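**Q** Residue numbers (our numbering), protein chains in the order written: chain W, 1 to 311; chain V, 1 to 311; chain A, 1 to 311; chain P, 1 to 311.
Just so you know, these hints were derived from the structure itself, not from any lab.
Everything numeric in this text was worked out from a predicted model, so none of it was measured.
Wrong hints could be hidden among the right ones.
To be verified - SDA-like mimics (lysine to any residue), calculated; alpha carbons at most 25 Å apart, straight line: (1) W/K199 <-> V/D278; (2) P/K76 <-> P/A61; (3) W/K199 <-> V/N18; (4) V/K76 <-> W/L86; (5) W/K199 <-> W/E60.
Said to hold, decoys possible - One-sided and incomplete, this derived list gives chain V residues near chain A with beta-carbon spacing under 7 Å: (6) G99; (7) G105; (8) L228; (9) S235; (10) N237; (11) Y273; (12) F297; (13) R300.
For glycine and all other residues, C-beta sits at the position ideal for the given N, C-alpha and C.
4 protein chains.
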Amino acid sequence: MAMTGVIRPGHAQLRVLNLEEGIHHYRDVLGMQETGRDDQGRVYLKCWEEHDHSSLVLREADSAGLDFFAFKVLDKATLDRLDGRLREYGLPTERIPAGEMLETGERVRFTLPSGHQIELYAEKTRVGNGLGHVNPNPWNAAAEKGIAPLRLDHCLLYGPNVAKVQEIFEKVLGFQLVERSLTPEGDANMGIWLTCSNKVHDIAFVEYPEPGKLHHLSFLLSSWDKVLRAADIMSMNSVPVDIGPTRHGITQGATIYAWDPSGNRFETFMGGYTVYPDHEVLTWTFEGLGEGGGLDFAQRKLHESFLTVVT
Amino acid sequence: MAMTGVIRPGHAQLRVLNLEEGIHHYRDVLGMQETGRDDQGRVYLKCWEEHDHSSLVLREADSAGLDFFAFKVLDKATLDRLDGRLREYGLPTERIPAGEMLETGERVRFTLPSGHQIELYAEKTRVGNGLGHVNPNPWNAAAEKGIAPLRLDHCLLYGPNVAKVQEIFEKVLGFQLVERSLTPEGDANMGIWLTCSNKVHDIAFVEYPEPGKLHHLSFLLSSWDKVLRAADIMSMNSVPVDIGPTRHGITQGATIYAWDPSGNRFETFMGGYTVYPDHEVLTWTFEGLGEGGGLDFAQRKLHESFLTVVT
Amino acid sequence: MAMTGVIRPGHAQLRVLNLEEGIHHYRDVLGMQETGRDDQGRVYLKCWEEHDHSSLVLREADSAGLDFFAFKVLDKATLDRLDGRLREYGLPTERIPAGEMLETGERVRFTLPSGHQIELYAEKTRVGNGLGHVNPNPWNAAAEKGIAPLRLDHCLLYGPNVAKVQEIFEKVLGFQLVERSLTPEGDANMGIWLTCSNKVHDIAFVEYPEPGKLHHLSFLLSSWDKVLRAADIMSMNSVPVDIGPTRHGITQGATIYAWDPSGNRFETFMGGYTVYPDHEVLTWTFEGLGEGGGLDFAQRKLHESFLTVVT
Amino acid sequence: MAMTGVIRPGHAQLRVLNLEEGIHHYRDVLGMQETGRDDQGRVYLKCWEEHDHSSLVLREADSAGLDFFAFKVLDKATLDRLDGRLREYGLPTERIPAGEMLETGERVRFTLPSGHQIELYAEKTRVGNGLGHVNPNPWNAAAEKGIAPLRLDHCLLYGPNVAKVQEIFEKVLGFQLVERSLTPEGDANMGIWLTCSNKVHDIAFVEYPEPGKLHHLSFLLSSWDKVLRAADIMSMNSVPVDIGPTRHGITQGATIYAWDPSGNRFETFMGGYTVYPDHEVLTWTFEGLGEGGGLDFAQRKLHESFLTVVT
């Protein structure tokens, strides 16, 4: 198997201030499919093309933000191996028993020096994408319900100790640094974009004094036409847009940043290049992030909200 | 490192009947960049977004077809390890010394039971994609020279013993079966589509009595608009088109098949879904390949040339 | 008023062999909206962006084909004026009273030397496109129901006496010749593409021995992405495709030709250039129609069905 | 002839602060073709798909802005007729002799109550779009030089007395009101969008205290993909972007507003719907212009620059 270890972003648990508003947003406007509710009152959703039971879990709470972000690993042996490596590195881990989340196996949870809770798991019930496995059509009606992203693609998290976080992802979890942005002084990484696959990013971090903050959850679209369609649907549903449509210089993705009803930022985007292990890291100076088009390649400016608005 | 072993298609050596016509086609019409000529008279080209020295080598010969298709592996240790595994499996390998191909390290060559020569290598000079590594633009003028594909994406090869070939790619080289099409009797795989990455395919085979045949080399485009542009450029340059523009049901890619001046088929395509190790294989019945839209989802027919025209 | 006289294609009455199958095709697959049924059993439909009551009328009959194709004219005075000009020219006209078609005013009907019945009318009830007139959204859910074309755009009709037909459209009805294709001998127009607007065509004719034949009714899409989506939807609904997706050299439109369940050809297309009164006619030689890419710019061939399959 | 009178925007004469910078911008970045220079030092350019000699004339001056905007009319008789109607209405006209502009016939010039100079002319040398008239290709290399718009599409002008201007365009010149935005009080039109064709606008005005101001010249692209490409090219060339990429609610066009080196705003856009004489005017309230998405449908805000930055 050429791909081993951590294979992809699996699920995010998100705090929303009002559950019904959150469900309306992610199910009816973004167009995810509701796949279950548990006895804690949590609501599970998946994107139409995802095969696993759920990629987003909504939990009603008094403050918005991210409870945890999880990666699926190749198999149970990998889960145990990575658990061991995390402990060896000095990061305590916790085992969440199978079934604590609907249709999800045992999870290994740990807390990053940035204050974020990350989970690994090997098993989640396959519910399929509705297309079948024999002579399948390329899409179905679900592909056009709401904005209808293909998948939960990645997240961008804000917190302290980004250098430590980078080390953990690279050395312990086998991720690869794809791009980075520098501090104003140029002496350290302010932002890091990491992949565990051929995708241009599976997770990203930006240095920030408060721990455990969410900048955005990101959902993948298939074309720039779909990005315009997403903008239209956001507008028709009074979803407040932060930035875009535009292209990020960083990752080359074409994007919209917007906010859910609880103030959690989400992204719908397409594009980005294919990354291989021999990729040479791309660097964005602090000026490059703003005037250099790293954040907004069309407008070449550092929108203030990028550095200040998180949940 | 989440991605190990074989990392991607690296280079193909193609026989053309007339070198100047071949160069004109691949450099001026397809829009690849010529990166060198060696003392054997071979001409080296790369796609604009590729970082390595070359992905296509043209050799003038009396008959068209493919000399060999090569994969880049992670590093020298991987090369040695895979060489060992091939020999253990019973496939003799040959070491081609570094420098036999321009800017390319030592290669391990072996012959598949389908009659195709496959190579592995770990080193090729990085020449870059012209965008630099600090505050890079997303593209440059090279991205619009000719059809301008992003990369050599995969190939489809025709020959006998596809079942054996599948075993070698899965068990020895760590590839993953993504889709397959069945024989008319439904008792064996007639076609197999394999990946060593997140891409929907890195190589594919179709059962065929004659060994060592090339169905097509495939080049990646970034959008369906670029597929129309490719069709226009082919037409303006009198490139004979075989099939398309259309969508393949198999892999979901949106595609054109056409022929170079020597009769070697090439493909320009976009799209396809993301594959992970937990992907469940998709199966196309023989009817599914034709009337089921596997080959041509728009027209739902089995174009005769698909099964009969190879080089 | 800069635009006078005939303003646009208004409605087509189409014969289908089975009404329910016809309704299913045009309403559920193509995605038109059913707006009425009359006491003759005819079914009325409109495209989502059209404001008038109906653009397509289905009539069940023993043979497929076109009953008549109608143009809306500026106003009642224009209707009377054009009626007079047709009679002066020597073409008998018939007045169909208001209300014979649902929500449609008086119609002037005449028969072309090609055997086709053409109608003019000035009044049809405005039902709107569902977006309203104050702070309107750019589209709504109806824009994604089925293939969802914007409008009935034009038709291509086959019959004898194309030269006479051209004279009538140019001299009597004020149309403009935009493109033409020549006979094999090059001594006459085999095909003519005419506009009454800035559109690249509002009606077209090809010389054919049998009178009154329909080659296709054409429906407008907004993008090449929508053409691929149309191909996918046709395939998923087992709609037989004749040609495409491809681009016509003639008019530059990007297109699919396909057949409804009765064998009437229809087209879904996008693109084409803007035409003004000072446009210089473009000419396609007979070879240009085929090998020159006039019909199929990607494949540069004269599909036999183009010249032989009509209803 | 169904289209009579004024047929389309013809040319704009623009003041730039530095001629070489202006030429670089419009020729090398926007990608227009330079077609001549006259003995006054003016530089003439056309878009690649335009057939007439020139659509943009650059004049070096101490202040940026628009000297005049011109429409082509059907023929010499129409020119005389419209000249007469303007005088009857009470607007003095001036005849500029043929040849005062390169390759351009006699022009009728008048000043609107908004302070803008408008011209009409019937003759300009046809230089063609480079594709020929027999078996033409749909595009050529010129279609990809710079941003490469298809044509000068329309302009938006700011000045006083918009109600009077509307009357002149509707009653004297035969234009049609397509959309309008209301003043904050809702008692008058603040903005008007007018067409002389099937296009969604050929000229537009916004009420403004200073006379003769230019908001933007607008250039047409063929797809939303081309809008992203335009954004990329602007960014790569350090062209300052005002708004976009986004969609206007008004006209539905997908757009970027940006500034040339002299501070003249220009637009590159695609889309908009087809307008006919029976179109019912769409109205945008003042809130609709901003929060209703009239200006920026994605972001639903009234960018301050829209109301304040003109040349």
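**Q** Would you mind marking each hint as holding or not holding in the structure?
**A** Going through the hints against the structure:
For the proposed pair W/K199 and V/D278, the alpha carbon gap of about 17 Å is at most 25 Å, so the pair holds. For the given pair, P/K76 sits about 32 Å from P/A61 by alpha-carbon distance, which is inconsistent with the 25 Å threshold. As the CA atoms of W/K199 and V/N18 are separated by approximately 39 Å, the hinted pair breaks the 25 Å bound. About 28 Å separates the Cα atoms of V/K76 and W/L86, which puts this hinted pair outside 25 Å; it is violated.
Among the hinted pairs, W/K199 with W/E60 is inconsistent with the structure: their alpha-carbon atoms are about 31 Å apart, more than 25 Å. Hint status for V/G99: violated, given a least beta-carbon distance of 42 Å to chain A, over 7 Å. The criterion of a C-beta within 7 Å of any C-beta in chain A is not met by V/G105, whose closest approach is roughly 40 Å, and the hint is violated. Taken as an interface hint, V/L228 checks out: its beta carbon lies about 5 Å from the nearest beta carbon of chain A, inside 7 Å.
For V/S235, the suggested interface contact is upheld, since its CB lies about 5 Å from the closest CB of chain A, less than 7 Å. Proximity of V/N237 to chain A is violated relative to the hint, the smallest CB-CB distance being about 11 Å (cut-off 7 Å). Here the hint on V/Y273 is broken, as its CB sits about 14 Å from the closest CB of chain A, past 7 Å. The criterion of a C-beta within 7 Å of any C-beta in chain A is met by V/F297, whose closest approach is roughly 5 Å, and the hint holds.
Interface restraint check: V/R300 against chain A, minimum CB-CB distance 6 Å, threshold 7 Å, status holds.
Hints 2, 3, 4, 5, 6, 7, 10, 11 from the earlier list are contradicted by this structure; the remaining hints agree with it.
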